[in-house]
Each structure stands twice: as structure tokens, then as C-alpha cells.
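Engineer: Sequence:
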Amino acid sequence: MKKLLASLIVPAALIAAAAENPIYKMYSDEITFSVSFNDTMEADMANGNGEVKRLTTKTPATYKPGMFGKALFGPVPMYDAVGNIDTRVPGSIVAWAAPTWKQTQTEKEPSFSIFGVHCYSKEQLYDLIFGKMPNQPWKKGHLNAYVQYPRLKKVTSCIIWNRGMVYQWPAGEWHMFVVTWGNGTISYSVDGKKSSVSELLEVLKAPPQWFTIRANSFMIDELTILNKRLTDDEIVKLYQECLKTAKK
1 MKKLLASLIV
11 PAALIAAAAE
21 NPIYKMYSDE
31 ITFSVSFNDT
41 MEADMANGNG
51 EVKRLTTKTP
61 ATYKPGMFGK
71 ALFGPVPMYD
81 AVGNIDTRVP
91 GSIVAWAAPT
101 WKQTQTEKEP
111 SFSIFGVHCY
121 SKEQLYDLIF
131 GKMPNQPWKK
141 GHLNAYVQYP
151 RLKKVTSCII
161 WNRGMVYQWP
171 AGEWHMFVVT
181 WGNGTISYSV
191 DGKKSSVSEL
201 LEVLKAPPQW
211 FTIRANSFMI
221 DELTILNKRL
231 TDDEIVKLYQ
241 ECLKTAKK
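If you're matching positions, the sequence shown starts at 1 in this note's numbering and goes up one per residue.
Keep in mind the hints are simulated off the structure, nothing from the lab. Don't take each hint at face value.
As the list claims (entries may be wrong) - Label-pair restraints from in silico Cβ distances:
(1) 183 / 123: 19 to 25 Å
(2) 185 / 120: 18 to 24 Å
(3) 183 / 56: 28 to 34 Å
(4) 170 / 205: 39 to 45 Å
(5) 135 / 172: 32 to 38 Å
(6) 102 / 236: 28 to 34 Å
(7) 121 / 168: 40 to 46 Å
(8) 232 / 172: 25 to 31 Å
(9) 106 / 74: 20 to 26 Å
(10) 121 / 100: 34 to 40 Å
(11) 201 / 169: 29 to 35 Å
We treat Cβ as the ideally placed atom computed from N, Cα and C, and that holds for glycine.
Working from the sequences, and respecting the hints, build out all of it.
Structural biologist: Below you can see the structure in the form of C-alpha cells.
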């Protein structure tokens, strides 16, 4: 059952009944935005506007078997950030994603982006993005999370996570991505592994304006934003509970 919530003051039992994902029960009080993509791109829970602001691609949406229920593949929906994510205070993004590529060796590994949030003020402009950068040699590619400051004319605060692993992922295999921020750093963890951490070049002061979920190269399922920075122990526990519940 899909239900857009204007407030997160709701019994944990109701949240648990609405979705299998253990994150709803474990962090019901910390969720500011969550979308499960069960036949719709409308958010299940949102402190702000949970409807799609617009689609940035013309690719039609298809809903495929996901980690929990169904998953989105095809379009890149954009959502309003106000109320749903605030990078100026500690927080986390948790997303499940699965590749759709063929494991055919080429000169370069394929790239993908799962999530990006655009933040702007008169004093600062930046984007927080995670996925995998392009133009990486076969068997040497790595995952990336980074804060990009366009006014500085370069990418900064970049995390390189687990070089030489992604090419081994078969199509349809689900992976949990967690990015956290706060206290002048960002972190990146995949599949419950120890986070890599990078210091930020600038403190994140500009408020987020909008964010996109990029389901055009990976299938995306169960993307959740928290107003809490998850620790490595909490990430491991969440990953284990998700595998147990989904029976993967």
C-alpha cells in the first residue's frame, strides 16, 4: 500500500505493515523521504513534497522484480529537496541498486549514477553524487561518492571505494549503497562493508534544492533518506537484516 505522509509522526507498526524493508522499523523516526517504486514513483513517505517534480529523461518507466517488491528502471525522476533532505545537518542515503549491463569485456567499464542532490545559495553551489565515474579501465574501475563544487571548477572531496570489484557484478544482483555526511566529512559503504571517508573541502552550507534518482542504467529499489548519520555498525546490521528479510 502506498501512502504519502506529510509528517513522520506515525506508529512504527503501520510503517512496517506498509513495506518489508527493515529500515522502516529500524529507523522510522529518522526517515525524511522514502520511495519503494512499487508501480509508482511517488514517495511512500516524505517530510516535503513526495510527488515527482519532473522527469529529466523521456525513457518510460518499467517496474521489475526488486530487492523488496518491485524496482524502477528507465527514467530519472526529480524531486523537491525541501523537507526531504538537508545536507547541512548529518544524514544518510540508503539505496538498493542492481546492474543491467552485460559482462562483456571492453576497454572501459560502464559507469552509472544512482543519486544526486543539487544545493544552492548566493554564497555556495555544490552537488552530492554517488555511483561510478566513467572512463575507468576494465577490471580497475571503482565506485565513487563525491561533492562537486562547480564554482571551484573542479571535482573535490571524492571517495574512491573498493577498486577493481564492480566489473564482477552480474546483471540483476542487488547491492546496498549507503552515503553519509556530517561533521565536515562524507562516507561511502557498499554491501555493509567498512565505509571509506573523505574530508570536505568546504562545509556544506547551501540548502538542497532538488534531487534525482537515476534508474536509467541501474535498477533502483527502496531509496531512503535519513536525518541520522549511520555508523558502520548500524550499516552492517541494516544490511544483514535486509538480506534476512528479503531471503537473498
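Engineer: Okay, which hints does this one fail, numbers in order?
Structural biologist: 5
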